[in-house]
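2 protein chains.
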Amino acid sequence: MSILVIGTVAFDSLETPYGKAERVIGGSGTYISWAASYFYQPIFLQSIVGEDFPESEIDALENRGVITSGLEIVEGKKSFFWAGRYHENMNSRDTLITELNVLADFDPKLPEDYKQCKYIMLGNLTPEIQLNVLNQLTQKPKLVVLDTMNFWMDIALDGLKEVIKKADVLTLNDEEARQLSGEFSLVKAARVIHKMGPKYLIIKKGEHGALLFSEGHIFFAPALPLSQVFDPTGAGDTFAGGFIGYLAKTGDLSFENMKRAVIFGSAMASFCVESFSIDRMKNLDMVQINDRVKEFIELVRFDTDLA
Amino acid sequence: MSILVIGTVAFDSLETPYGKAERVIGGSGTYISWAASYFYQPIFLQSIVGEDFPESEIDALENRGVITSGLEIVEGKKSFFWAGRYHENMNSRDTLITELNVLADFDPKLPEDYKQCKYIMLGNLTPEIQLNVLNQLTQKPKLVVLDTMNFWMDIALDGLKEVIKKADVLTLNDEEARQLSGEFSLVKAARVIHKMGPKYLIIKKGEHGALLFSEGHIFFAPALPLSQVFDPTGAGDTFAGGFIGYLAKTGDLSFENMKRAVIFGSAMASFCVESFSIDRMKNLDMVQINDRVKEFIELVRFDTDLA
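Residue numbers (this note's numbering), protein chains in the order written: chain A, 1 to 307; chain B, 1 to 307.
The shape of chain A in the complex, shown without the other chains (with noise of 0.2 Å):
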């Protein structure tokens, strides 16, 4: 039931209203790693980095259950690496620099141990690479998230369509999702995005949560009220790990695990924007994830006689 996991591993420099990181840890495939690794271990992670990538952060992301074998080191290059500067409504945002360093030359072979995986989680990277790494695979996946980019929608977008096709799960924002489908109502969004092949489509809102739909089914997940969001950096990602790796766990893909799914990945994101980088996925116990989900429990409950 292992968990297949392919994204960036990079450093950002960030800019927020709250303050300023320099070349911290960042990437797709760092945050998905962390946050699933507290609900399923081993997970296979597949990606790449320059030299300068600290061995310290690879060992952290061992000591987590997190294979790294599939995480390629390049001499002589440097790793992926953005920076960008965050509006004082924390929703949007300038890239100020992107370097794709190793990235440009990504092209993953999976070990053979990689190849078995169950859950499959593709962070956001080029559809093809996306595309390449579903046909290593040796067996029938049990599930496989996709995860893309508006980015992928104007440059590439009959090869996207490919690798959604081949997706269970697809995660969009609100935006991306309008544009995908080229509906303005999320629900008619919805619609032509099952018909391109994914059974289930998540819609995250940011700070307005996240829309399950599945045919003929809806779900709404509220974002915590927050006093303070510190950094959103890979809220987006933080929220898929805990997603699959909660599904990974409980091995359950109804609906209503679904449902449980995005509240936990939900509840994990939460704590991802309450410090710059991967600062909080490091420092997290079950307990404090489970208080969590509770704060999520109690938002939304409401009693009448009507149910």
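The reader is advised that the hints may include incorrect statements.
Here are a few chain B residues that face chain A, going by a calculated C-beta distance under 10 Å [unchecked claim]: (1) 76; (2) 188; (3) 194; (4) 195; (5) 263.
Derived pair list, reagent style DSBU-like, types lysine-lysine, alpha-carbon separation capped at 35 Å [unchecked claim]: (6) 205/A <-> 205/B; (7) 188/B <-> 294/A; (8) 294/A <-> 294/B; (9) 205/B <-> 195/A; (10) 142/A <-> 294/B; (11) 249/B <-> 294/A; (12) 205/B <-> 161/A; (13) 188/A <-> 282/B; (14) 205/B <-> 20/A; (15) 249/B <-> 249/A; (16) 282/B <-> 205/A; (17) 294/A <-> 165/B.
To be clear, the hints were calculated from the coordinates, so they are not data collected in a lab.
Ideal Cβ positions, reconstructed from N, Cα and C, are used throughout, including at glycine.
With chain A fixed as given, assemble chain B onto it according to the hints.
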């Protein structure tokens, strides 16, 4: 336990991506009264119209248990008129025309039987008029719900703060809560606003739902994802009408019951946006309303072994 409603009774011309409506019935007092009437009667409506306002619409309100002896009809003058155009996202709109007409002279003098109402709904008007109404009450009300908007924060902040001090529940949208409090985080904004007077704060987020804050407690009510939002005009007022109507009906001002009132208000708002003007409000019954509330229950329901 009667409800006093003060607000506009007016004409709107609307343009949305889905159609146009010319000089249809609108106004905060109209939406509030229609929505509240499904929960509690009689409702005492205080407002002002010109001689152009159709008698049949006043009769329709009377037939819903809305007392209109405080609805002043000014001969030789026209009713308040607003024309607006909604953007694709329906969350923002441009005002095309505002003709105050009779509203410029609105100086409400409550009829005697209005002065003993226990549930007071102050629709969005100048803070001066809202205060003036409160000062005419001869008995201490059980609940004062206040709606307002950013416009009064810009031009009449001192008067607004005075009426806010006397409100038990304040309703605002998220941008207005931020403007009034000077805090970006809604959790922090709520703390600041509680100190201004209101024990309860409702932050309306349109398609993203609503938050109810009381000191130390937060409740989140989602908005129902709809295939089509036809016309959002009056949704906030309809919400407020359903909210105060439900509270007057139940006579219970506990936080638990306020949560239910927020859900019933949200359900009413979800009907309102399904057609232009008050069309949908005129064709409802409690079976439909309860069925809609059940959809809200289902939308956020999940079970864990943590609760």
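Okay, the hints, checked on the actual structure:
Hint status for residue 76/B relative to chain A: violated, with the closest Cβ pair at about 44 Å, above 10 Å. With a cut of 10 Å, the hint placing residue 188/B at the interface with chain A holds, because the nearest CB-to-CB distance is about 6 Å. Checking residue 194/B against chain A by beta carbon gives a least distance of about 14 Å; that is not within 10 Å, so the hint is violated. Look at residue 195/B: its Cβ only gets to about 16 Å from chain A, farther than 10 Å, so that hint breaks.
Contact between residue 263/B and chain A, as hinted, is supported at the beta carbon level, the nearest pair being about 6 Å apart and thus within 10 Å. At most 35 Å may separate the alpha-carbon atoms for a hinted pair to count; residue 205/A and residue 205/B meet this at roughly 13 Å. Under the criterion of a C-alpha separation no larger than 35 Å, the hint pairing residue 188/B with residue 294/A is consistent with the structure, at around 21 Å. With a C-alpha separation of about 22 Å, the suggested pair residue 294/A and residue 294/B falls inside the 35 Å cut-off, and the hint holds.
Distance check on the hinted pair: residue 205/B and residue 195/A sit about 30 Å apart at the alpha-carbon level, within 35 Å; holds. Proximity of residue 142/A to residue 294/B is assessed by CA-CA distance (about 33 Å); at most 35 Å being required, the pair is judged to hold. Taking the CA atoms of residue 249/B and residue 294/A, the gap is about 31 Å. The hint holds against a cut of 35 Å. Pair hint residue 205/B plus residue 161/A holds up; C-alpha atoms about 33 Å apart against a cutoff of 35 Å.
Between residue 188/A and residue 282/B the CA atoms are separated by roughly 27 Å; this keeps the pair inside 35 Å, and the hint holds. Our distance criterion of 35 Å between C-alpha atoms is met by residue 205/B and residue 20/A, whose separation comes to about 30 Å. Using a Cα cut-off of 35 Å, the hinted pair residue 249/B and residue 249/A is violated, with the two alpha carbons roughly 47 Å apart. Taken as a hint, the residue 282/B and residue 205/A pair is honoured in the structure, with Cα atoms around 33 Å apart against an allowance of 35 Å.
Among the hinted pairs, residue 294/A with residue 165/B is consistent with the structure: their alpha-carbon atoms are about 34 Å apart, no more than 35 Å.
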